[in-house]
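Under this note's numbering, the first residue of the sequence shown carries the number 14, and numbering increases by one thereafter.
To be clear, the hints were calculated from the coordinates, so they are not data collected in a lab. Some hints could be false.
[Said to hold, decoys possible] Okay, the calculated beta carbon distance ranges per label pair:
#	residue 1	residue 2	range
1	E67	T180	35 to 43 Å
2	G272	S144	29 to 37 Å
3	T316	D185	20 to 28 Å
4	A134	D245	23 to 31 Å
5	D300	P274	36 to 44 Å
6	D96	A45	23 to 31 Å
7	R164	A45	36 to 44 Å
8	D245	F169	27 to 35 Å
9	D196	P46	50 to 58 Å
10	P73	D245	40 to 48 Å
11	A214	G61	17 to 25 Å
12	R167	D66	39 to 47 Å
13	E67	F169	44 to 52 Å
14	R97	L165	34 to 42 Å
Glycine included, C-beta positions come from ideal geometry on N, C-alpha and C.
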Amino acid sequence: MTETPHPGPLAVLPSADPLFVDAVRSAGGTVAPLSSATRGIVWLDNAGGAGLDEVLDSHPAVDWVQLPWAGVDAFAEVLRRHDRPGRVWTSAKGAYARPVAEHALTLLLGLLRLMPTRIRADSWGGKGGTSLHGLHVLIVGAGGIAQELLRLLRPFGVDVTMVRRKTTAVPDAARTVGIDRLDEALASADVVVLAAPLTPATTGLFDAQRIARLKPGAYLVNVARGAFLDTDALVAALDDGRLAGAGLDVTDPEPLPDGHPLWRHPSAIVTPHTADTPEMTRPLLADRVRANVGAYLDGGGFTGVVDPGQGY
14 MTETPHPGPL
24 AVLPSADPLF
34 VDAVRSAGGT
44 VAPLSSATRG
54 IVWLDNAGGA
64 GLDEVLDSHP
74 AVDWVQLPWA
84 GVDAFAEVLR
94 RHDRPGRVWT
104 SAKGAYARPV
114 AEHALTLLLG
124 LLRLMPTRIR
134 ADSWGGKGGT
144 SLHGLHVLIV
154 GAGGIAQELL
164 RLLRPFGVDV
174 TMVRRKTTAV
184 PDAARTVGID
194 RLDEALASAD
204 VVVLAAPLTP
214 ATTGLFDAQR
224 IARLKPGAYL
234 VNVARGAFLD
244 TDALVAALDD
254 GRLAGAGLDV
264 TDPEPLPDGH
274 PLWRHPSAIV
284 TPHTADTPEM
294 TRPLLADRVR
304 ANVGAYLDGG
314 GFTGVVDPGQ
324 GY
């Protein structure tokens with residue numbers, strides 16, 4: 014894969030949403046119906062990759078594809094089948110960092126201040142809660158969401174460990190460690206936030222054994238993908254008090270079934286994958302499209318380039 018697409022007409026698919034048509038045109042691009050002349054695609058279908066797979070099968074000359082999500086796990090098979098030299102894939106990674114990081118902090122503060130219990134209470138009750146100030150926060154991931162969360166945490170004076178595939182230091186984190194040192198880092202973490210891409214290597218990363226390695230009384234927040242976690246093991250850890258709380262914007266399965274124990278668990282907050290709602294993400298994705306159309310016309314310099322081999 015190289016950043017050398019050959020500019021030509023762009024198609025906004027599966028339907029020509031006016032917001033994104035305008036984004037393409039305002040950056041100097043030409044929007045036209047899908048044809049043999051199409052060289053770039055802005056793909057807006059959040060349902061997954063089946064439709065895109067068909068489009069690329071019938072239009073192999075497409076050199077650039079903009080995907081709608083920050084995570085591209087739903088498009089893994091499309092990336093595998095259709096990657097080739099000269100075709101550039103870009104995603105929204107980093108574009109939604111602010112709303113998702115904000116949501117992660119919301120979940121964390123809600124857990125620390127016992128909001129699941131407070132919201133359901135019908136009497137005054139006793140006092141309780143934990144301050145975020147000075148805690149050890151471990152963030153799994155070092156992309157846009159993780160780094161924005163690091164920025165939001167700064168006023169709280171927390172001690173932050175970043176865990177990433179590479180060991181390149183993340184600015185402003187107290188320490189950065191490789192994924193091979195995850196278990197070592199978990200032992201002292203008061204809070205663990207999952208904010209990394211879902212890949213074959215990270216699927217099931219927090220299984221029953223790893224959840225058992227968390228510091229007793231720790232809090233766990235997941236704004237990445239539900240498949241990071243063994244849900245049954247998580248519920249068991251909450252039930253027996255090994256975990257003090259879990260804040261989940263993503264679940265496995267998803268949607269979380271009606272009546273699942275997590276919905277009413279006194280130590281859990283579950284939101285239905287709403288860290289980045291369409292109202293938040295549409296203008297942010299339009300900005301990404303605008304920037305990448307400019308890069309497309311200039312012959313390179315794309316934002317959010319996807320490496321199909323790495324899965325993000």
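Taking the hints in turn, this is what the structure says about them:
| no. | hint | verdict |
| --- | --- | --- |
| 1 | E67 to T180: 35 to 43 Å | 41 Å, holds |
| 2 | G272 to S144: 29 to 37 Å | 34 Å, holds |
| 3 | T316 to D185: 20 to 28 Å | 22 Å, holds |
| 4 | A134 to D245: 23 to 31 Å | 28 Å, holds |
| 5 | D300 to P274: 36 to 44 Å | 40 Å, holds |
| 6 | D96 to A45: 23 to 31 Å | 25 Å, holds |
| 7 | R164 to A45: 36 to 44 Å | 40 Å, holds |
| 8 | D245 to F169: 27 to 35 Å | 32 Å, holds |
| 9 | D196 to P46: 50 to 58 Å | 53 Å, holds |
| 10 | P73 to D245: 40 to 48 Å | 44 Å, holds |
| 11 | A214 to G61: 17 to 25 Å | 21 Å, holds |
| 12 | R167 to D66: 39 to 47 Å | 43 Å, holds |
| 13 | E67 to F169: 44 to 52 Å | 48 Å, holds |
| 14 | R97 to L165: 34 to 42 Å | 39 Å, holds |
When the structure is compared with the earlier hints, no violation turns up for any of them.
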